[in-house]
Amino acid sequence: GDSVTQMEGPVTLSEEAFLTINCTYTATGYPSLFWYVQYPGEGLQLLLKATKADDKGSNKGFEATYRKETTSFHLEKGSVQVSDSAVYFCALSDRGGSEKLVFGKGTKLTVNP
Amino acid sequence: DAGVIQSPRHEVTEMGQEVTLRCKPISGHDYLFWYRQTMMRGLELLIYFNNNVPIDDSGMPEDRFSAKMPNASFSTLKIQPSEPRDSAVYFCASSLEAGGWNEQFFGPGTRLTVL
Chain A
1 GDSVTQMEGP
11 VTLSEEAFLT
21 INCTYTATGY
31 PSLFWYVQYP
41 GEGLQLLLKA
51 TKADDKGSNK
61 GFEATYRKET
71 TSFHLEKGSV
81 QVSDSAVYFC
91 ALSDRGGSEK
101 LVFGKGTKLT
111 VNP
Chain B
114 DAGVIQSPRH
124 EVTEMGQEVT
134 LRCKPISGHD
144 YLFWYRQTMM
154 RGLELLIYFN
164 NNVPIDDSGM
174 PEDRFSAKMP
184 NASFSTLKIQ
194 PSEPRDSAVY
204 FCASSLEAGG
214 WNEQFFGPGT
224 RLTVL
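Protein sequence lines correspond, in order, to chains A and B.
For the first sequence, our numbering assigns the number 1 to the initial residue and increments by one for each residue that follows.
For the second sequence, our numbering assigns the number 114 to the initial residue and increments by one for each residue that follows.
There's no promise every hint is true.
Here are the simulated BS3-like cross-link-like pairs (lysine-lysine), alpha carbons at most 25 Å apart as the crow flies [unchecked claim]: (1) Lys-105/A / Lys-56/A; (2) Lys-191/B / Lys-100/A; (3) Lys-100/A / Lys-137/B; (4) Lys-181/B / Lys-100/A.
Some chain B residues flagged as far from chain A (calculated, every beta-carbon gap over 12 Å) [said to hold, decoys possible]: (5) Gln-130; (6) Glu-131; (7) Glu-157; (8) Asp-169; (9) Ser-171; (10) Glu-175; (11) Arg-177; (12) Phe-178; (13) Ala-180; (14) Ser-186; (15) Lys-191; (16) Gln-193; (17) Arg-198; (18) Ser-208.
Just so you know, the hints here were simulated from the structure itself, not pulled from any lab data.
On a predicted model such as this, the values are computed, not experimentally measured, just so you know.
Don't be surprised by glycine CBs; every beta carbon is placed ideally from N, CA and C.
Construct the entire structure; sequences and hints are all you get.
Right, dumping it as structure tokens:
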């Protein structure tokens, strides 16, 4: 079945550092890809998405590019802030008809001032 | 505009008791999802509804779990009897349209502790 693998956390960075969180996927069809973010005590929120190969999703300084050849969707940010501390989830949705989202295990990011 | 509303936010109960979690999706959303989040298993989809009809309940762990959606603005997830291994955060989410690429909007979750 479809699956998402993302880098184990936790990740601890200093403010203004560069962030990369790796995500790779396995899918039988042609999925849409997502990054969701969960701030402490809250539900998940969509951060960005990409629906076809080579698409770049971006939001709040975060970016991720849909790489079909490497089945990857790595999340990057050039300069993190303390307010970016959260858990980040990579997810896919098989556009073959299912409405399901398949999530990775999540990566906890802590940014220190 | 109110987001997805869940109640209660926290629930502590004893093993063997019945637990009912409640969700109000965003008005106009046709899809409703129930998820469970644990440290060991991450985020798991339990069941989802389209226009109040259950579409896929393959993630429901066992017969102790049941979910209903009597109308477009209300859903319940019931556990009877509850067990300590059911302790988790339960999220409800809703989305507007079909297609799988549409954003799911999550509620704040219900943290369930079964003693």
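Each hint tested on the structure:
The suggested pairing of Lys-105/A with Lys-56/A holds, with an alpha-carbon distance near 22 Å, which does not exceed 25 Å. Restraint check: the Cα-Cα separation between Lys-191/B and Lys-100/A comes to about 21 Å, which is no more than 25 Å; the hinted pair holds. This hinted pair checks out: Lys-100/A and Lys-137/B have alpha carbons roughly 19 Å apart, not beyond 25 Å. Straight-line distance between C-alpha atoms of Lys-181/B and Lys-100/A comes to about 18 Å, which keeps the hinted pair within the 25 Å bound.
Non-interface call for Gln-130/B relative to chain A: holds, since the shortest CB-CB distance, roughly 25 Å, exceeds 12 Å. For Glu-131/B, the non-interface assignment is confirmed: its Cβ lies about 24 Å from the closest Cβ of chain A, beyond the 12 Å cut-off. A beta-carbon of chain A is positioned within 12 Å of the beta-carbon of Glu-157/B; the least distance is around 8 Å. A cut-off of 12 Å between C-beta atoms contradicts the statement that Asp-169/B is not in contact with chain A; the least separation is 7 Å.
Not every C-beta of chain A lies more than 12 Å from that of Ser-171/B, the closest at about 9 Å, which undercuts listing it as non-interface. In this structure Glu-175/B is separated from chain A by more than 12 Å, as the shortest Cβ-Cβ distance comes to about 20 Å. For Arg-177/B, the shortest C-beta to C-beta distance to chain A comes to about 22 Å, beyond the 12 Å cut-off, and the non-interface label holds. Against chain A, the non-interface label of Phe-178/B holds: every CB pair exceeds 12 Å, the least being about 17 Å.
Look at Ala-180/B: its CB is around 15 Å from the nearest CB on chain A, clear of 12 Å, so calling it non-interface holds up. Ser-186/B, annotated as away from the interface, keeps every beta carbon of chain A farther than 12 Å; the closest lies near 18 Å. With a cut of 12 Å on Cβ distances, Lys-191/B stays outside the contact zone with chain A, its closest approach being about 21 Å. For Gln-193/B, the requirement that its beta carbon stay farther than 12 Å from each beta carbon of chain A is met, with the minimum near 25 Å.
Remark: the non-interface label on Arg-198/B is consistent with the geometry, its nearest Cβ contact in chain A lying 19 Å away (cut-off 12 Å). Its beta-carbon lying about 7 Å from the closest one in chain A, Ser-208/B breaks the requirement of being farther than 12 Å from that chain.
The structure is inconsistent with the numbered hints 7, 8, 9 and 18, although it conforms to all the rest.
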